[in-house]
Amino acid sequence: MKHNFIVLIEQGEDGAYIATVPSLKSCYTQADTIPELLERVHEVIGLCLEVEKDVPVATKFIGVQQLEYAV
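Going by this note's numbering, the first residue of the sequence shown is number 4, and it counts up by one from there.
Don't read these hints as lab results, they were simulated from the structure. Given the structure is predicted, the values throughout are model-derived calculations rather than measurements. Only true hints are included.
As a list, the in silico DSSO-like pairs of lysine-lysine whose alpha-carbon atoms are at most 27 angstroms apart: (1) Lys63 to Lys5; (2) Lys28 to Lys63; (3) Lys28 to Lys56; (4) Lys56 to Lys5; (5) Lys28 to Lys5.
Based on the provided sequences and hints, a complete structural model is requested.
The structure is reproduced here in structure tokens:
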């Protein structure tokens, strides 16, 4: 069975890359490089799918907006 997931990738203050899969509970990982991150996120998706019983139907990706908010 094939699944399509949206993966959000951010870079932390320490330079590490962080990947999150919003449609799977507690599905995230981090790495020092993008290639390493993609390898790890593939592994963590597999682990999350072993645990989760109800995998949501794929959502449609619309876009991302970075917003600066000054307090």
